[in-house]
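Asker: Going down the list, the protein sequences come from chains C and E. Under my numbering, residues 569 to 820 are what the first sequence spells out, in order. Under my numbering, residues -10 to 388 are what the second sequence spells out, in order.
Hints are not guaranteed to be accurate.
Claimed, not checked - Some chain C residues near chain E, calculated using beta-carbon distances under 10 angstroms:
#, residue
1, TYR590
2, ILE675
3, GLN716
4, GLY719
5, GLU797
Since the hints were derived computationally from the structure, they do not count as laboratory data. From a predicted model like this one, the values you see are computed outputs, not experimental measurements. Ideal placement from N, C-alpha and C gives every residue a C-beta, glycine not left out.
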Amino acid sequence: MTVPVASTSSVMIEARAVEKWYPNGFHALKGCDLEVRRGEVVVIMGPSGSGKSTFIRTFNALEDFQKGQITVDGIALSNDLRNIDAIRREVGMVFQQFNLFPHLSVIDNLTLAPVLVRKRPKAEVSEQARALLERVGIAEQADKFPGQLSGGQQQRVAIARALCMEPRILLFDEPTSALDPEMVREVLEVMQNLAADDITMVVVTHEVKFARHVAHRVVLMTDGVVVEEAPPETFFTTPAHERTRRFLDQIL
Amino acid sequence: MLRKLRHELFSTPGDGVLSLGLLSLLVLALVGFLRWAFHQAEWAVIQANSTLFAVGRYPLDQQWRLWLLTTLLVGAAGLSWGLLRAHPRSDREGVLWPRNDRVAAAVLVVLALWLPFALRLHPGIQARWWGLAALLLALRWLAGRHGRQLPSKLLRLVPLIWPATYIIGMVLISGGLGMAKVPPSEWGGLLLTLLAASFAILLCFPLGVLLALGRRSELPLLRWASVVYIEFIRGAPLITLLFLGQNILGFLLPGGLAPERIWRAAWVLTFFAAAYLAEAVRSGLAAVPAGQVEAARSLGLSYPQALQQVILPQALRVALPSMVGQFISLLQDTTLLSLIGLLELLGVARTVMANPEFLGKNAEVYLTLAVLFWCCCAALGLGSRALERRLDPQTIPSR
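Using the sequences plus the hints, can you model the full thing?
Answerer: Dropping the structure here:
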């Protein structure tokens, strides 16, 4: 199932020795390294509070960091606001709580950013948005409002909204954790279909099946440190670290 | 129906006694009021001074301008009402004449037909009110029926008729452009009340939003300035500020802005209401989850874009009920203008009651005032509730 990624493909995200302290002094990231190549699907796992969400939120500057460096699609993350805007245009994000705009219809949720940020004509974006909704299987809900949809449908709209900006990288921050069990599958299926395209994905999740079958690499984070980084077969069967074995014992 | 009544009013003996007691009190009060209104009260004081109550000492030969303005307002209202019904929200099934609208139209017809007649207004004026009511309902009907065929480019211009009407109205009221000038000292009654209130409501809104944003800003100077302003204004009684304003606004504002007492008072009302509005908006801003900003920013929207497209629309919807409450109390606060010698509704009422010819007719006058204010506030409240329903992301189709 796993598609090998050619070693020649370029690096999309490069994080080197990233350290972050929260304003209250909590040391959330203690020198994290990660490299994600074009078209790769990387799953980050780990117990709650281990800093995995914080880590991927630094990739599109939703969180700042104090030490180390991050380069996204060739642009170095710095305090330069223009760089941040440029990166955010290329990096889509899907949140645990969906974060759809409740005052806008589904279709307007999708078209808002492409029209405002990319300055594309509204008619053209609408057409693309409907095609995307079709692709995530909710074309008939285009004119409803987010509050009228189920959790699974909302998350699929959120994925379509991120895709409508045509990002090169998609970040998923526990996309299925707020969903009822029977809705998890519909969202995972959409994500699996995406992974077959050449979009780069970084996914924070607890879904072992998804990690096993879709990820190219699985990363374990605990206490703000990247502990293990391995292809799924190795990660789930013969992990190198004792900490990973203990984590797997708890979730499997 | 009977069973429901019985269930709600007489389900236990205690409930029954309470219901009977309250009902008989209500009936007694109503009978007493009706007897007073139809036998003892002398409404001549209202009939004789109806023009004074409406527009104060506005010159008689220029009053056609006010009628023209009323016609424009009624036209704009009918048009907007009909178009709103013709274009329901994308997720809802449109009903051209929902029950509320039918009730409103019926009440309007009864009021327009009966009130001018009951007050024995001049026949010419009676006819004008009938004409205005007919115009409103006709435009409502036309816009509702044919609003769907209008091209969308034209539709987008429709909301502009309101600011346009407001500007035209100001010109019509004050004169200029070839019309005789009517100085603000001659405006009065309901005209002055509505003018001061609408001026303050329109201007305190943007000011209040800016103050609320300032108070949440990360720039310390801006935040402190907003906090000091809001807390200073909220700590002082309006009447003090009104007197203060008459004395110092002349120095503070650039020359042409507040030459007249009326404008000075209107500015004070604006500054006063803005501080309270800022707090209402702030509570709305606090109600928007942080995830909304994050989602907007992660899509590449700049902060101003996120504010305008994502945060403010949600914050203002949450703040809407308390903002309208603020507007309603602002409307009522205009009565304080009578204490600084302006002849708005209450000021006119006091001059009328001081007239020896109408001595002792206080109850009639005050009741009329109360009803007029109630009508204005009810209109504001109804409008805000309709807006809330339209903006509510959760509601199911309304009947």
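Asker: Run every hint past the structure and note whether it holds.
Answerer: Now the hints, each set against the structure:
{"no.": "1", "hint": "TYR590", "in the structure": "violated, 15 angstroms"}
{"no.": "2", "hint": "ILE675", "in the structure": "holds, 8 angstroms"}
{"no.": "3", "hint": "GLN716", "in the structure": "holds, 7 angstroms"}
{"no.": "4", "hint": "GLY719", "in the structure": "violated, 15 angstroms"}
{"no.": "5", "hint": "GLU797", "in the structure": "violated, 25 angstroms"}
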